[in-house]
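J.: So you can see what is in the structure, the chains are spelled out below.
There are 2 protein chains.
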Amino acid sequence: MSRAVVLARHPEGAVTEQDFSVVDVADTGLPAGFFRTRNRVISLDAGFRQWMTEGAGDNYLTGMQIGEPVQSIVLGEVIESDHPDYAVGTLVSARTAWEEQSVLDGSDLCSPLEVASDVPLHQYVGILGPTGMTAWIGLFEIGQPKPGETVVVSAAGGAVGTVVGQLAKAEGCRVIGLTSTRDKADWLENDVGYDVVVDRETQPDLAGALREACPDGVDIFFDNVGGEALDTVISQLREQARLVLCGAISQYESAVQPLNNSWELITKRARMEGFMFSDYFESFPEIAEDLQSRLQRNALKSFDAVYEGIEATPRAFCDMMHGASRGKCLVTLD
Amino acid sequence: MSRAVVLARHPEGAVTEQDFSVVDVADTGLPAGFFRTRNRVISLDAGFRQWMTEGAGDNYLTGMQIGEPVQSIVLGEVIESDHPDYAVGTLVSARTAWEEQSVLDGSDLCSPLEVASDVPLHQYVGILGPTGMTAWIGLFEIGQPKPGETVVVSAAGGAVGTVVGQLAKAEGCRVIGLTSTRDKADWLENDVGYDVVVDRETQPDLAGALREACPDGVDIFFDNVGGEALDTVISQLREQARLVLCGAISQYESAVQPLNNSWELITKRARMEGFMFSDYFESFPEIAEDLQSRLQRNALKSFDAVYEGIEATPRAFCDMMHGASRGKCLVTLD
Numbered sequence: 001m002s003r004a005v006v007l008a009r010h011p012e013g014a015v016t017e018q019d020f021s022v023v024d025v026a027d028t029g030l031p032a033g034f035f036r037t038r039n040r041v042i043s044l045d046a047g048f049r050q051w052m053t054e055g056a057g058d059n060y061l062t063g064m065q066i067g068e069p070v071q072s073i074v075l076g077e078v079i080e081s082d083h084p085d086y087a088v089g090t091l092v093s094a095r096t097a098w099e100e101q102s103v104l105d106g107s108d109l110c111s112p113l114e115v116a117s118d119v120p121l122h123q124y125v126g127i128l129g130p131t132g133m134t135a136w137i138g139l140f141e142i143g144q145p146k147p148g149e150t151v152v153v154s155a156a157g158g159a160v161g162t163v164v165g166q167l168a169k170a171e172g173c174r175v176i177g178l179t180s181t182r183d184k185a186d187w188l189e190n191d192v193g194y195d196v197v198v199d200r201e202t203q204p205d206l207a208g209a210l211r212e213a214c215p216d217g218v219d220i221f222f223d224n225v226g227g228e229a230l231d232t233v234i235s236q237l238r239e240q241a242r243l244v245l246c247g248a249i250s251q252y253e254s255a256v257q258p259l260n261n262s263w264e265l266i267t268k269r270a271r272m273e274g275f276m277f278s279d280y281f282e283s284f285p286e287i288a289e290d291l292q293s294r295l296q297r298n299a300l301k302s303f304d305a306v307y308e309g310i311e312a313t314p315r316a317f318c319d320m321m322h323g324a325s326r327g328k329c330l331v332t333l334d
Numbered sequence: 001m002s003r004a005v006v007l008a009r010h011p012e013g014a015v016t017e018q019d020f021s022v023v024d025v026a027d028t029g030l031p032a033g034f035f036r037t038r039n040r041v042i043s044l045d046a047g048f049r050q051w052m053t054e055g056a057g058d059n060y061l062t063g064m065q066i067g068e069p070v071q072s073i074v075l076g077e078v079i080e081s082d083h084p085d086y087a088v089g090t091l092v093s094a095r096t097a098w099e100e101q102s103v104l105d106g107s108d109l110c111s112p113l114e115v116a117s118d119v120p121l122h123q124y125v126g127i128l129g130p131t132g133m134t135a136w137i138g139l140f141e142i143g144q145p146k147p148g149e150t151v152v153v154s155a156a157g158g159a160v161g162t163v164v165g166q167l168a169k170a171e172g173c174r175v176i177g178l179t180s181t182r183d184k185a186d187w188l189e190n191d192v193g194y195d196v197v198v199d200r201e202t203q204p205d206l207a208g209a210l211r212e213a214c215p216d217g218v219d220i221f222f223d224n225v226g227g228e229a230l231d232t233v234i235s236q237l238r239e240q241a242r243l244v245l246c247g248a249i250s251q252y253e254s255a256v257q258p259l260n261n262s263w264e265l266i267t268k269r270a271r272m273e274g275f276m277f278s279d280y281f282e283s284f285p286e287i288a289e290d291l292q293s294r295l296q297r298n299a300l301k302s303f304d305a306v307y308e309g310i311e312a313t314p315r316a317f318c319d320m321m322h323g324a325s326r327g328k329c330l331v332t333l334d
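Chains as they are written, first to last, in my numbering: chain E, 1 to 334; chain F, 1 to 334.
Hints in this document: simulated from the structure, not taken from any laboratory. Note that this is a predicted model, so its numbers are computed, not measured. Mixed in with the good hints there might be a few duds.
One copy or two, it doesn't matter: identical chains are merged, so the pair holds either way.
[Said to hold, decoys possible] Straight-line alpha carbon distances no greater than 25 Å define the calculated SDA-like cross-link-like pairs of lysine to any residue that follow:
hint, residue 1, residue 2
1, K146, D279
2, K146, Y60
3, K146, N59
4, K146, M276
Next up, chain E with everything else stripped away, as it sits in the complex (with noise of 0.2 Å):
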């Protein structure tokens, strides 16, 4: 017997913790070609709740049913096994749901992992994980930073944005950051290492407060809110800009609030694109290695809000989505 978080109901709007439920799952028999993972750690991603609204599915993910188990990112020890390719005891990271065990034919975003002794195992859904792989693979393959430049990160408190905001820093580039709270704004600025950080609670008018911020127009925006952030944003950019779409959580529970500026790609000769972490899967050894240097090196620090226990799962997941945790979202299941 072990337990699983599913969807009680499609959320609309705000998610709630009432849209889950944690149910007993039976044991069942492995499935020829498969092996069962006990999970020790599960990733909370704002993108995931896309895929909860009622007809979600499109050509990146099926819709969540009511019922099933919550799509997310996991990392799990393989304790039964009929895939040569995960013997027990194995640790993997893989694409699947809020659930104490995982059965898996290592599709779907399923790699074996090499930890290292010194290394928290969370942050390998973290910082060394898709979350890393993705501020990485965003900042460095889209966004390609030159020293000088100014780079604006919206929900720069996220678990994205505080490593994107350290990486541009590192990078030689002035770093802005867009946020919820003054008092996360501060940490940003404190303890993350943001130049300026815009917060929505004491700046509402976000187009002066970003031109303050960026007299000279922003270079690179990494985008992880859309909507009203991105149209301001575009309206300011410097020539040659490049905008990283990476997320959208400003249109995830509520109307989408629509692009008016998008003239201004013309005149500025910038570029606006999209990315998905998954689509650089041969990348991520690599990419770990330097992700994994900069903290040893202590050049990059991971900041982690660790939730415990599969029943904490709802609560995690609706703080991250309204801005109460900070950096990286997850529960550990040890």
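Dock chain F against the given chain E, drawing on the hints supplied.
T.: Quick look at chain F alone, frame taken from chain E:
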């Protein structure tokens, strides 16, 4: 004494001939370092409409002022010179104005032009000039087409659209046009070589018509229109699609139609990029050579709407803006 067309008032909404007036310009002395041209061909380009609106200056161009000659690309012959690089008799292409004579210093997209005796002179402001350059650069540098891909072009019957369609077809792509009337659509399919053309007149459901024309989705969108057309195409992209933002004629004369589908750029990992032909100045000779070679081999046709005399310029511009001209719209002054 020569004549020029000046802005009589800032157009509001659809531009009309009454927004301009033809004035006599007194001869003046030539300042040191300048030269004077007798203009031969005036190019009409929709993009300039943007800068006719009151207060429209931006990072790319200054806004046009009432009583001042209207900005344009012009081909002229040097008739008086105090500039070492522009001897009398030289043909030059310049960003200047709707005027019979210009006094220039060689800056602002001004360059001497070598013309072939067997090429109609007016083609040097069209398919062999900025128009052809724009089509070529947008398609090859930004769009990067591969054989077998589906390329959609908006304002397909315009100067740039007729060239892009032919170039993409020659590249082995399936080429779909968007245009205003069924009559123009037939011409684009039969004479210009588009595979399928969707027209606003008989196919008001753009999304449905586009899905029928591109059942597997759109790889490249070469967009001259912006607004609703752009938003609709964004919702029907294939993965790794490229959106070439060349112009946004839909919003030069009316309110901006906002984009609602930018989330699709993420899941489709699509790239949307604006460009201006003027950034590729150094590649012009090479691109012109390629275009000229295609013309000579009969692998490319130039479609031109030729008007005569400076007084015809306002009418030509209005015809171009409102879809009454086909292909490259220009005025000859010979």
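J.: Does the structure break any of the earlier hints, and which numbers would those be?
T.: none
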